[in-house]
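In terms of UniProt numbering, the sequence shown opens at residue 1 and continues consecutively.
Just so you know, not all the hints are guaranteed correct.
[Unchecked claim] In the DSSO-like style, the derived pairs of lysine-lysine whose C-alpha atoms are separated by at most 27 Å in a straight line are:
| # | residue 1 | residue 2 |
| --- | --- | --- |
| 1 | Lys-98 | Lys-25 |
| 2 | Lys-138 | Lys-6 |
| 3 | Lys-195 | Lys-98 |
| 4 | Lys-4 | Lys-187 |
| 5 | Lys-61 | Lys-97 |
| 6 | Lys-12 | Lys-25 |
| 7 | Lys-61 | Lys-12 |
| 8 | Lys-64 | Lys-42 |
| 9 | Lys-153 | Lys-138 |
| 10 | Lys-15 | Lys-64 |
| 11 | Lys-153 | Lys-2 |
| 12 | Lys-4 | Lys-64 |
| 13 | Lys-2 | Lys-195 |
| 14 | Lys-187 | Lys-138 |
| 15 | Lys-25 | Lys-168 |
| 16 | Lys-4 | Lys-98 |
| 17 | Lys-25 | Lys-187 |
| 18 | Lys-2 | Lys-138 |
| 19 | Lys-25 | Lys-97 |
| 20 | Lys-64 | Lys-25 |
| 21 | Lys-42 | Lys-4 |
| 22 | Lys-15 | Lys-42 |
| 23 | Lys-57 | Lys-2 |
[Claimed, not checked] DEER-style ranges, computed between Cβ atoms:
| # | residue 1 | residue 2 | range |
| --- | --- | --- | --- |
| 24 | Ile-216 | Arg-40 | 18 to 28 Å |
| 25 | Phe-18 | Asn-63 | 13 to 23 Å |
| 26 | Thr-45 | Ser-84 | 57 to 67 Å |
| 27 | Leu-185 | Lys-61 | 22 to 32 Å |
| 28 | Arg-37 | Gln-203 | 47 to 57 Å |
| 29 | Asp-171 | Lys-138 | 19 to 29 Å |
| 30 | Gly-133 | Leu-31 | 24 to 34 Å |
| 31 | Gln-113 | Leu-29 | 44 to 54 Å |
| 32 | Ser-84 | Trp-159 | 26 to 36 Å |
| 33 | Val-210 | Glu-10 | 51 to 61 Å |
| 34 | Thr-38 | Lys-64 | 20 to 30 Å |
| 35 | Asp-67 | Glu-134 | 17 to 27 Å |
| 36 | Lys-168 | Gly-133 | 15 to 25 Å |
If you are wondering where the hints come from, they were derived from the structure by calculation, not from laboratory data. Glycine included, each C-beta is placed from N, C-alpha and C at the ideal position.
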Amino acid sequence: MKMKIKWQYEFKGRKAEFESEWISKDIVLPLIEDLGRTGRMKTATIMDELLNEWTVKEFTKLNKQLDEEPSEVEVYFDGGFDRSSQISGIGIAVYYKKNGEDWRCRINDRLLQLESNNEAEYAALYRAIELLGEIGVKQVPVTITGDSHVVLKQLSGEWPCFDETLNKWLDRIESKLESLHLTPLYKPVDRRQNKEADKLANQALEGTIVNSHSVIS
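Turn these sequences into a full structure, and let the hints guide you.
So this is what it looks like as structure tokens:
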């Protein structure tokens, strides 16, 4: 999760308010400690991406709890549909931080009874949200990246969805996000920027199943 520091600075009897850019939570306390050495920082508050605010004392306690939970979560998903076999392949990669370590989870699967490539994309994203729950991700912002602009723009509300089947998937995804108290940031990209999930989906179509979850060295 990204944070901002807001602090009051006093110099020769004059006060000014400053605000940092979004930074990793891991460097919040070292920065505050460094600012404090000047003796001119009078107050400081920390704000997260959901606009929650804490004092330095409150954040110090919170930071220890956050280290034990997944944060800075990024999801990549892709779905493919083979018309001749009526088989779909889905691919998902999740990156996150926990206990000061970088983690990656990669899975794929073959699915039956889907009817289109768009439905396979929705199914892939729904499985990705399910995976977040299994990992223990909750109550944090999540960046969701995919090359299906249709799916992501329909979920963000930018484009309407008139297909009854896809609407059901949309409702399921939104309900799952709400149950985990996740705040999604939808990030449409081109296929080149989604190569990992695309490869996993194609491997599933070819019959190669992947399921890995480990620390990135």
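Right, here's what the structure says about each hint:
no.	hint	result
1	Lys-98 / Lys-25	12 Å, holds
2	Lys-138 / Lys-6	26 Å, holds
3	Lys-195 / Lys-98	25 Å, holds
4	Lys-4 / Lys-187	22 Å, holds
5	Lys-61 / Lys-97	18 Å, holds
6	Lys-12 / Lys-25	31 Å, violated
7	Lys-61 / Lys-12	33 Å, violated
8	Lys-64 / Lys-42	24 Å, holds
9	Lys-153 / Lys-138	23 Å, holds
10	Lys-15 / Lys-64	32 Å, violated
11	Lys-153 / Lys-2	24 Å, holds
12	Lys-4 / Lys-64	18 Å, holds
13	Lys-2 / Lys-195	25 Å, holds
14	Lys-187 / Lys-138	19 Å, holds
15	Lys-25 / Lys-168	37 Å, violated
16	Lys-4 / Lys-98	20 Å, holds
17	Lys-25 / Lys-187	22 Å, holds
18	Lys-2 / Lys-138	15 Å, holds
19	Lys-25 / Lys-97	11 Å, holds
20	Lys-64 / Lys-25	11 Å, holds
21	Lys-42 / Lys-4	17 Å, holds
22	Lys-15 / Lys-42	9 Å, holds
23	Lys-57 / Lys-2	18 Å, holds
24	Ile-216 / Arg-40: 18 to 28 Å	40 Å, violated
25	Phe-18 / Asn-63: 13 to 23 Å	21 Å, holds
26	Thr-45 / Ser-84: 57 to 67 Å	59 Å, holds
27	Leu-185 / Lys-61: 22 to 32 Å	27 Å, holds
28	Arg-37 / Gln-203: 47 to 57 Å	52 Å, holds
29	Asp-171 / Lys-138: 19 to 29 Å	20 Å, holds
30	Gly-133 / Leu-31: 24 to 34 Å	33 Å, holds
31	Gln-113 / Leu-29: 44 to 54 Å	51 Å, holds
32	Ser-84 / Trp-159: 26 to 36 Å	29 Å, holds
33	Val-210 / Glu-10: 51 to 61 Å	56 Å, holds
34	Thr-38 / Lys-64: 20 to 30 Å	26 Å, holds
35	Asp-67 / Glu-134: 17 to 27 Å	20 Å, holds
36	Lys-168 / Gly-133: 15 to 25 Å	19 Å, holds
Of the hints listed earlier, those the structure fails to meet are numbers 6, 7, 10, 15 and 24, in rising order.
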